[in-house]
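K.L.:
For reference, the chains in residue letters:
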Amino acid sequence: MTAYIIRRLLYTIPIVFGVLLLTFVLFTLVGGDISLEIAGKNATPETIEEIREEYGFNKPLFLSWDSQFINHFKSALTFDFGRALDREPVLDKIKRGVGPSLALTVPMFFGVVIISVSLALVVAFVRGTVWDMLVVLICVAGMSIPYLSFILFGQYFLAYKWGLFPVFFSPDLAMASYVALPVLIGIVTGLGGNLRFYRTVMLDEMRNDYVRTAFAKGLNTRRVLFKHVLKNAMIPIITRVVLAIPFLFLGSLLLERFFGIPGLGYLMVEAIGSRDYFVINAMTYISAILFVIFNVITDICYALVDPRVSFD
Amino acid sequence: MKFSSIVLTTMLLLAAGCDRKGGEGESDEIVLQHRLRAKVQSLDAANIGDTISHGVASEIFDCLYTYHYLKRPYLIVPQLAAQMPEVSEDGLTYTIRIKEGVRFADDECFAGGKGRELKASDFVFAWKRIADVKALSKNWWVFDDKIAGLDEFREYTQTSKKDEVDYSRPVEGLTAADDYTLVIKLKRAWPQILYVLTYLPTAPAAKEAVDYYGKDLINHPVGTGAFKLKIWHRGSYIEMVRNPNFREELYPSEGTEGDAEAGLLRDAGKRMPFVDRIVWRIVPEDQPRWLMFEQGDIDITSIPKDNYGQAIAMGRELTASMKERNIRLDAFKEPDTFYIGFNMEDPVLGVNKPLRLAISCAFDREKWIELFYNGRGDVAYGFIPPCMPGYDPNVKEGSRTEYNPEKAKRLLEQAREINGGELPEFKLTMQGTDTTYRQMGQFLSRSLQEIGLDVEMEYLDWPTYLEKLRTKGVQIYQSGWIADYPDVENFLQIFYSKRSPWPNSSNYSNPEYDGLVEQAALMEDSPQRTQLYRKAERIVMEDAPCAFMFHRIFYVMYHDWVGNFKPNAYRPDSFGYGLSKYYRVDVAKRAAYHKKYK
Chain A
183 MTAYIIRRLL YTIPIVFGVL LLTFVLFTLV GGDISLEIAG KNATPETIEE
233 IREEYGFNKP LFLSWDSQFI NHFKSALTFD FGRALDREPV LDKIKRGVGP
283 SLALTVPMFF GVVIISVSLA LVVAFVRGTV WDMLVVLICV AGMSIPYLSF
333 ILFGQYFLAY KWGLFPVFFS PDLAMASYVA LPVLIGIVTG LGGNLRFYRT
383 VMLDEMRNDY VRTAFAKGLN TRRVLFKHVL KNAMIPIITR VVLAIPFLFL
433 GSLLLERFFG IPGLGYLMVE AIGSRDYFVI NAMTYISAIL FVIFNVITDI
483 CYALVDPRVS FD
Chain L
972 MKFSSIVLTT MLLLAAGCDR KGGEGESDEI VLQHRLRAKV QSLDAANIGD
1022 TISHGVASEI FDCLYTYHYL KRPYLIVPQL AAQMPEVSED GLTYTIRIKE
1072 GVRFADDECF AGGKGRELKA SDFVFAWKRI ADVKALSKNW WVFDDKIAGL
1122 DEFREYTQTS KKDEVDYSRP VEGLTAADDY TLVIKLKRAW PQILYVLTYL
1172 PTAPAAKEAV DYYGKDLINH PVGTGAFKLK IWHRGSYIEM VRNPNFREEL
1222 YPSEGTEGDA EAGLLRDAGK RMPFVDRIVW RIVPEDQPRW LMFEQGDIDI
1272 TSIPKDNYGQ AIAMGRELTA SMKERNIRLD AFKEPDTFYI GFNMEDPVLG
1322 VNKPLRLAIS CAFDREKWIE LFYNGRGDVA YGFIPPCMPG YDPNVKEGSR
1372 TEYNPEKAKR LLEQAREING GELPEFKLTM QGTDTTYRQM GQFLSRSLQE
1422 IGLDVEMEYL DWPTYLEKLR TKGVQIYQSG WIADYPDVEN FLQIFYSKRS
1472 PWPNSSNYSN PEYDGLVEQA ALMEDSPQRT QLYRKAERIV MEDAPCAFMF
1522 HRIFYVMYHD WVGNFKPNAY RPDSFGYGLS KYYRVDVAKR AAYHKKYK
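Going down the list, the protein sequences come from chains A and L. Residue numbers for the first sequence follow the numbering used here, beginning at 183 and rising by one. Residue numbers for the second sequence follow the numbering used here, beginning at 972 and rising by one.
The following block holds chain A by itself, in its conformation from the complex (with noise of 0.2 Å):
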């Protein structure tokens, strides 16, 4: 096994270098003259010479040890992306960012995945009944109903109305005080989703012969669905799963906006808003890297749960 991880981790290094090529590609010789941007139409060329020196735009591209594609791998590996427009230091503009943002993304993520492959179940098991269609209905209904509005719903009735949460962001507020509304409303618009998509894997499982065996053995409900068909169902939960998992990095744009979450989706955002090709690079390089990792995971989780993937 640890042979095999090490081998996966070996495979994840060009692939990592090709981020980084591409990323380079895309924002030095693709997206133009970094400098001409920020500098504006009316700049002096002293102007525009002085930021090429700053950020090193004036070094030669490639063949040298000081040139940019090199400087771009040196700040990528060692998590040194230099300053944001606004002369903060990227990596403290996104380690402040992380927090807010995971304490929003991780408990939502949990939630959706927990509630949703447990309702799954029973739902499969009950298929074909008022309940199952009541379940479907109301699964489509949510994902019909626009995130904007179970935001702008929740955060009038559940905050406003009747106190439950905060309306918005407050320095002087615990974390798990001001994002356990956005949370809240990130499970249940998740909901909809990813209860039908579970709902159809464990159908598909719920169809297998070995299921019925399972009952005609005169094993218990409980036993059959989560021991037997929550186990066989594993593969594309984990597949989805896992590979959500990176993405929570991103924080909630939405969420983090009408809350005032001081996370990561609100940088990112401002970061192209305001053409801050400096946060974008490095929040990009970040969320490559947290895929290629998560996708390592995936792989490994895989032959942890089927037997007929080998470590091999």
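If you are wondering where the hints come from, they were derived from the structure by calculation, not from laboratory data. Take the hints with a grain of salt, since some may be wrong.
Unchecked claim - Okay, the calculated beta carbon distance ranges per label pair:
no.: 1; chain 1: L; residue 1: GLU1000; chain 2: A; residue 2: ASP488; range: 53 to 63 Å
no.: 2; chain 1: A; residue 1: PRO418; chain 2: L; residue 2: ALA1284; range: 49 to 59 Å
no.: 3; chain 1: L; residue 1: GLU1000; chain 2: A; residue 2: TRP344; range: 23 to 33 Å
no.: 4; chain 1: L; residue 1: GLU1000; chain 2: A; residue 2: LEU435; range: 25 to 35 Å
no.: 5; chain 1: L; residue 1: GLY1072; chain 2: A; residue 2: GLU236; range: 35 to 45 Å
no.: 6; chain 1: L; residue 1: PRO1215; chain 2: A; residue 2: TYR193; range: 52 to 62 Å
no.: 7; chain 1: L; residue 1: LYS1506; chain 2: A; residue 2: GLU228; range: 34 to 44 Å
C-beta: ideal position from N, C-alpha, C; glycine also.
Given the coordinates of chain A, assemble chain L onto it according to the supplied hints.
P.N.:
Same frame as chain A, now just chain L:
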């Protein structure tokens, strides 16, 4: 590990990471709770050109003069100056004594971290910095061609290398006669200079701070104001605390008629500020902002368009539910003009007047005011707001402001002829990204599509939008100007060719207009000067470098625990602008309100 254990672990980790900070309820601190609709761009006084940054930074920096808090009409009074300036007979030399004992806020840029005493040379340095081309100040327009020798200093900075600009280089018209005396020599008479000396960018700057922080100065404001920056979490909130070095400044003892009855003189003669901390939360969306105000988590606010009906009843009074909550309302006409600007350097727009006029004819301003401002506004026919001295009551005659789609279509035919064929797609830039700006954008693009123009909308956050204007990166853009001081001369700058691209963001240029501006700038307030202003306005109306939209009527609401509240039309939104030091917050009243309504 089972899911339940994972969730439990996550919750525990989360709880461990959640450090509850001491709120107002847990200490005796008096906190003023402000809100901002957009992010602050900069807190470097010399480099501020927008209202949001201006409002916030004005709590940290003081200028030589300010407006009397209570007296109306607006009266200029000394702030860092010890008295009003001594003006030479020819009106060219201003000698200003500076208060002794004023100290900068403590900061690590000073020796031992202790703020040093303010000197006249700090003004000289600050103003030279505005003139320094390399410092990229947005505010050179304030001093351009005004002070003897300062333009030459600017030329010198153009030729010198960055970081090698010699600030000790003498400027004839800008000297510190001694530590407490500033002498300004003008090139020619400039009667509006007193207004400019109340304007934030003219605040003094400590050279130690500029040298120590360099480009980071925008994040580290060091001023002499009543508050100092504690935390600036960009995009989220700003926290300021009382500046312990703040000089002894007393609440005014005189006001205007009715101020005493309104309780505005209760604190007469008491030392300011009355609050310990100011928290500015950035709340771009209307719904949370309004709900927070109703819950008592924001002290002062404007009224979002969708909540107007909840707040205001027929007859423009507060609704019963607002009165029950003891919420107060003030309404006044703002000295502002909002417009849709055209970049006159754009190769298609700049040379095609029928095209610009067609765009102007496409907008139904009455509907715009009704939809987005609940009728709180007047249609703009020119750039001088109706509430300002100098407004032309006959401005409607000759104005290009009208809603006439049929005329617009006819004008577009001429525009196509001038263009030599079909018109390209245009880009319309909006100054915000929230829901309301998107709705406004839809209104504008639909209006233009109805007359046959293709438009691509661009929604930018406030700092990016300003940067785009500064770099002439816009084509058609939504904009506005709120007067900095009660003189129409301020409005003339937005079309004066020497002020391109800021504040003349349409990059409009007309020698005849420029001549009138230069002529009026030398004159004292008089009917002759007003005539020149009106003539200049007519020229702009004829050339149409923008489509004038409306003048806003501002409604400000505040809770009854905010004492000493008196709106100032030249300090928009009342959310800062150095006014916070006058406000008193009754914490017990707020706590009682929270108990009842939160």
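K.L.:
Hint numbers the structure violates, sorted upward?
P.N.:
No hint contradicted; all consistent.
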